[in-house]
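Residue numbers (the working numbering), protein chains in the order written: chain A, 1 to 299; chain B, 1 to 385; chain C, 1 to 88.
You may find that some hints are simply not true.
Below 30 Å or equal to it, Euclidean Cα-Cα: the simulated BS3-like pairs (lysine-lysine) are [unchecked claim]:
#, chain 1, residue 1, chain 2, residue 2
1, A, Lys72, B, Lys213
2, B, Lys304, B, Lys372
3, A, Lys245, A, Lys293
4, A, Lys47, C, Lys19
5, A, Lys224, C, Lys46
6, C, Lys19, A, Lys224
7, A, Lys200, A, Lys224
8, A, Lys72, A, Lys200
9, C, Lys51, A, Lys200
10, A, Lys294, A, Lys200
11, B, Lys4, A, Lys47
12, C, Lys51, A, Lys72
13, A, Lys277, A, Lys230
14, A, Lys277, B, Lys4
15, C, Lys17, A, Lys47
16, C, Lys19, A, Lys230
17, C, Lys51, A, Lys221
18, C, Lys17, A, Lys230
19, A, Lys235, A, Lys224
20, B, Lys322, B, Lys185
21, A, Lys46, B, Lys208
22, C, Lys17, A, Lys221
23, C, Lys19, A, Lys200
24, C, Lys46, A, Lys72
25, C, Lys46, C, Lys17
26, A, Lys46, C, Lys17
27, C, Lys19, A, Lys46
28, C, Lys46, A, Lys221
29, B, Lys322, A, Lys72
Among chain B residues calculated to face chain A with C-beta under 7 Å, some are [what the hints assert, rightly or not]:
#, residue
30, Gly27
31, Phe30
32, Gln59
33, Glu61
34, Ala68
35, Gly72
36, Met78
37, Leu91
38, Glu94
39, Leu98
40, Ile100
Since the hints were derived computationally from the structure, they do not count as laboratory data.
For each residue, glycine too, the CB sits at the ideal point set by N, CA and C.
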Amino acid sequence: MGAKRGRKPALRHPQDDLLRTDRIPHIWCSGCGIGTVFSCVLSAIKKSGHPLDDVAMVSGIGCTGRMAGYVKLDSYHTTHGRAIPFATGLRLARPQGKILVCSGDGDLLAIGGNHFIHAARRNIDITVVCVNNFNYGMTGGQLAPSTPFNARTTTSPIGCPEEPFNFCHMAAASGAVYVARWTALHIRRLTDSISEALQKRGFSFVEVLSPCPTSFGRRNKMGKGLDIVKYYHDKSVIRNNIDPKEATLDFSTNLVVGKFVDIERPTFLDNYQLINKRELPAWPASTDKGAGKKAAGLV
Amino acid sequence: MAAKTVLTGTHFMNGDYACCEGAIAAGCRFFGGYPITPATEVAERMSSRLPDIGGIYIQMEDELASMAAVLGASWGGMKAMTSTSGPGFSLMMENIGLGICTETPCVVCNVQRAGPSTGLPTLVGQGDMMQARWGSHGHYEIIAVAPSSPQEMFDFTIRAFNLSEQYRLPVMIMADEVVGHMTEKVVIPPEDSIELVPRRRPAVPPEKFRPFKPDPDGVAPMASFGDGYRVHITGLTHDQRGYPVMDAIAQEDMVNRIVGKIRNNLDDIIRYETADMDDAEIAVVAYGIAARSARRAVREAREKGLRAGLLKLNTVWPFPEKLIRELAGNVHAMIMPEINYGQMVLELERCAAGRCTVRLVPHAGGSIHSPKTVLNAIETALKEA
Amino acid sequence: MKYWRTPLDLHTIQVSKGKVVIIEERCKGCQLCIQYCPRDVLEMSKAFNPKGYHYPEVVNESQCVNCHFCEVLCPDFAIFSVEATEKQ
Chain A
1 MGAKRGRKPA LRHPQDDLLR TDRIPHIWCS GCGIGTVFSC VLSAIKKSGH PLDDVAMVSG
61 IGCTGRMAGY VKLDSYHTTH GRAIPFATGL RLARPQGKIL VCSGDGDLLA IGGNHFIHAA
121 RRNIDITVVC VNNFNYGMTG GQLAPSTPFN ARTTTSPIGC PEEPFNFCHM AAASGAVYVA
181 RWTALHIRRL TDSISEALQK RGFSFVEVLS PCPTSFGRRN KMGKGLDIVK YYHDKSVIRN
241 NIDPKEATLD FSTNLVVGKF VDIERPTFLD NYQLINKREL PAWPASTDKG AGKKAAGLV
Chain B
1 MAAKTVLTGT HFMNGDYACC EGAIAAGCRF FGGYPITPAT EVAERMSSRL PDIGGIYIQM
61 EDELASMAAV LGASWGGMKA MTSTSGPGFS LMMENIGLGI CTETPCVVCN VQRAGPSTGL
121 PTLVGQGDMM QARWGSHGHY EIIAVAPSSP QEMFDFTIRA FNLSEQYRLP VMIMADEVVG
181 HMTEKVVIPP EDSIELVPRR RPAVPPEKFR PFKPDPDGVA PMASFGDGYR VHITGLTHDQ
241 RGYPVMDAIA QEDMVNRIVG KIRNNLDDII RYETADMDDA EIAVVAYGIA ARSARRAVRE
301 AREKGLRAGL LKLNTVWPFP EKLIRELAGN VHAMIMPEIN YGQMVLELER CAAGRCTVRL
361 VPHAGGSIHS PKTVLNAIET ALKEA
Chain C
1 MKYWRTPLDL HTIQVSKGKV VIIEERCKGC QLCIQYCPRD VLEMSKAFNP KGYHYPEVVN
61 ESQCVNCHFC EVLCPDFAIF SVEATEKQ
């Protein structure tokens, strides 16, 4: 796989310096949105200007989980649902690095849901990019915590009997300092969002609605990847800075996208270092405006 | 005055605390854990000691996260450990497997309690021995040490870290509730007298480096996050470049490497102690707290003129097959007290291969063997000889 | 390009010119670049790449303004555009 046959292009693709080109073409299906999101992630990493030797990508299991295998950075392909706690350890052992967790809706919010909410609560300084294709693609298209009510999947052949939850609302409620959602066609906005997320200190979350033509799209007769991403894009409406609770994905009305949360909060390490200076008044005296925020000059 | 990492001197310390001090002396600077009786004290002491020595204590949301965070921290360049007991140990199995496949140095301390399930949280058991060996899925090798005292909790934790760096894998400390909770004298030597195995760094530049190309001893140098080697680490079967390769050839190559680096270095890894074994007709083979009951029984047997000896296994995995094969030819019987209904004794029987009788002295858990029961087993075995 | 009104400076500004490069063996025929090229520079070719996919081909090179949209949109890193130097 990946061997170059035929005319070698005179010029190199601009993203090649960040790609393990000996492993391209990659595994994702024709029309899948993960490649596009991956392209936006690479652009954002380059735009961040952070030294590439100190940028790491951690991914879990599933289609998006394979992203770490294609990026020419320190990259870690962990067990299903455990990308975020692995990244937590990686972050705390090397505070100066920049860490991206790229995984799918099932990996991050189903099996990995407990770790997702706690990393957000602790405000661990990582950027989580969730490629939401509304099902478990790698294993052939089963229902996931994102699958819309009554949508067909291989494990909800009649219709999904469950309501999905709103990832952005979940992230915001858990304490994320940056939350945004775009479709895989909002290329420029998505790249800018990932760049902003990379600059944020703390837990930043970017959700991308992405076409899955082979599994989810086929089961629900949504056409090719091109049609599906167009459908998501046409159905989307940009409503920046609204309450994430309102940022619903209602396929009968519209898919709300945009940037919903962009706040400042001390990270786990900020608070860890603050506490261990042993200068704070003992609890409960130290609760007037949140000692952590005050010490970080955020009050 | 900066906090000291090695508390040189003589202490009166419980086993869990001694484990924490051993880890810190070995260079451990990351602890990701979750409270569980009877291992919580390791975490508690870590949470007070690590912040003052540039370390990180983080209490994760569960044991899955704890083990994942330990692996992440190890790849972040820190020596890392966690401590747990049966229920948590079960939850850690998948990520221990990730640590084995990605050859990640770290330490997992299991202060065993009586199981199954919730069992007797505050009381002793040794029922996780086979889980330690085969708990994760797939075929692999592991290293496990079994301390019998707070002093050994200190010493064996240092050895566990050295073995984990030397052979690049998670190393397990199979302690138990009694060893963890008992308080005894613990002598901590001066810092410079503690021999530490540093992490093995790449000796070649990034473009020539292959993250899983082993040195002669079968272990590959390790490039951590930020070293500029930009390695890809995956739980998928991978080749020497670390790239996933989905075929039987790469699988054979990888499994041979993971298994071979242990099986080809058994003499360096395996450690044991003996007492009164020279002319012994009956060998009592034991590990962990059971070795303490066994030592008393052997002493009492000697006082009654019975020729019994003690073989104490300090490393339980890999099992000392060669040693037991030789021993089986020199004694009438081998007796193994363990606080379960027969786990390590199965290995003993396998290696004895019928050349001597092998007797288990079982215990369901909740307390330790009284030396009397072990002594009775010695006397019965002698009558049968 | 269909303008609904002619920009005042249409004649003075220098529109950048691009050249599209296609790495055929990476393409998986998803047609995103063809669909979303603002200048309709690309069309699906009849030819197959080694994996059996049709890939795009440049049909009116002169229209390309080097906006890179095909480049950032492509899920397979199979297409990009560069500044068209005069001598080409």
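Here is what the structure says about each hint:
A hinted pair counts as satisfied when its Cα atoms are at most 30 Å apart, and lysine 72(A) with lysine 213(B) qualifies at roughly 19 Å. A threshold of 30 Å between alpha carbons decides the hint, and for lysine 304(B) with lysine 372(B) the separation of about 13 Å falls inside it, so the pair holds. Taking the CA atoms of lysine 245(A) and lysine 293(A), the gap is near 25 Å; set against the 30 Å cutoff, the hint holds. For the given pair, lysine 47(A) sits about 23 Å from lysine 19(C) by alpha-carbon distance, which is consistent with the 30 Å threshold.
A threshold of 30 Å between alpha carbons decides the hint, and for lysine 224(A) with lysine 46(C) the separation of about 19 Å falls inside it, so the pair holds. Under the criterion of a C-alpha separation no larger than 30 Å, the hint pairing lysine 19(C) with lysine 224(A) is consistent with the structure, at around 28 Å. With a C-alpha separation of about 36 Å, the suggested pair lysine 200(A) and lysine 224(A) falls outside the 30 Å cut-off, and the hint is violated. A C-alpha spacing of about 23 Å is found between lysine 72(A) and lysine 200(A), which places the hinted pair at or below 30 Å, so the restraint holds.
Between the alpha carbons of lysine 51(C) and lysine 200(A) the distance comes to roughly 41 Å, so the proposed pair goes past 30 Å and is violated. The suggested pairing of lysine 294(A) with lysine 200(A) holds, with an alpha-carbon distance near 18 Å, which does not exceed 30 Å. Distance check on the hinted pair: lysine 4(B) and lysine 47(A) sit about 43 Å apart at the alpha-carbon level, beyond 30 Å; violated. A C-alpha spacing of about 24 Å is found between lysine 51(C) and lysine 72(A), which places the hinted pair at or below 30 Å, so the restraint holds.
Using a Cα cut-off of 30 Å, the hinted pair lysine 277(A) and lysine 230(A) is violated, with the two alpha carbons roughly 53 Å apart. Taking the CA atoms of lysine 277(A) and lysine 4(B), the gap is near 17 Å; set against the 30 Å cutoff, the hint holds. Between lysine 17(C) and lysine 47(A) the alpha-carbon distance is near 24 Å, which keeps this suggested pair within the 30 Å criterion. For the suggested pair lysine 19(C) and lysine 230(A), the alpha carbons sit about 26 Å apart, so the restraint of at most 30 Å is met.
At roughly 25 Å between alpha-carbon atoms, lysine 51(C) and lysine 221(A) fall within 30 Å of each other, so this suggested pair holds. Restraint check for lysine 17(C) and lysine 230(A): satisfied, since their Cα atoms lie roughly 28 Å apart, inside the 30 Å limit. Taking the CA atoms of lysine 235(A) and lysine 224(A), the gap is near 16 Å; set against the 30 Å cutoff, the hint holds. For the hint pairing lysine 322(B) with lysine 185(B), the CA-to-CA distance comes to about 34 Å; that exceeds 30 Å, so the pair is violated.
At most 30 Å may separate the alpha-carbon atoms for a hinted pair to count; lysine 46(A) and lysine 208(B) meet this at roughly 25 Å. Distance check on the hinted pair: lysine 17(C) and lysine 221(A) sit about 40 Å apart at the alpha-carbon level, beyond 30 Å; violated. Distance hint between lysine 19(C) and lysine 200(A) is unfulfilled; the C-alpha atoms sit about 36 Å from each other, more than 30 Å. About 34 Å separates the Cα atoms of lysine 46(C) and lysine 72(A), which puts this hinted pair outside 30 Å; it is violated.
In summary, the hint linking lysine 46(C) to lysine 17(C) is supported, as the alpha carbons are separated by about 26 Å, within the 30 Å threshold. Distance restraint check for lysine 46(A) and lysine 17(C): the Cα-Cα separation of roughly 24 Å lies within the 30 Å cut-off, and the hinted pair is therefore satisfied. The hinted pair formed by lysine 19(C) and lysine 46(A) meets the criterion: a straight-line CA distance of about 23 Å does not exceed 30 Å. At most 30 Å may separate the alpha-carbon atoms for a hinted pair to count; lysine 46(C) and lysine 221(A) meet this at roughly 26 Å.
Our distance criterion of 30 Å between C-alpha atoms is broken by lysine 322(B) and lysine 72(A), whose separation comes to about 46 Å. Among the interface hints, the one on glycine 27(B) is violated; its C-beta lies about 13 Å from the nearest C-beta in chain A, farther than the 7 Å criterion. Because the smallest distance between the Cβ of phenylalanine 30(B) and any Cβ of chain A comes to about 6 Å, under 7 Å, the interface hint for this residue holds. Annotation: interface hint on glutamine 59(B) violated; nearest CB of chain A at approximately 10 Å, more than 7 Å.
The closest approach between the C-beta of glutamate 61(B) and any C-beta of chain A is roughly 4 Å, which is under the 7 Å cut-off, so the hint is satisfied. Evaluation of the alanine 68(B) hint against chain A yields a held restraint, the C-beta minimum of about 4 Å falling below 7 Å. With its C-beta approaching chain A no nearer than about 3 Å, glycine 72(B) sits inside the 7 Å limit, and its interface hint holds. Of the supplied interface hints, the one on methionine 78(B) holds, with its beta-carbon coming within about 4 Å of a beta-carbon of chain A, less than 7 Å.
Hint on leucine 91(B) is violated. Least Cβ distance to chain A is approximately 11 Å, over the 7 Å limit. The beta carbon of glutamate 94(B) is positioned within 7 Å of a beta carbon in chain A (closest approach about 5 Å), and the interface hint is therefore held. Among the interface hints, the one on leucine 98(B) holds; its C-beta lies about 5 Å from the nearest C-beta in chain A, closer than the 7 Å criterion. Of the supplied interface hints, the one on isoleucine 100(B) is violated, with its beta-carbon coming no nearer than about 12 Å to a beta-carbon of chain A, more than 7 Å.
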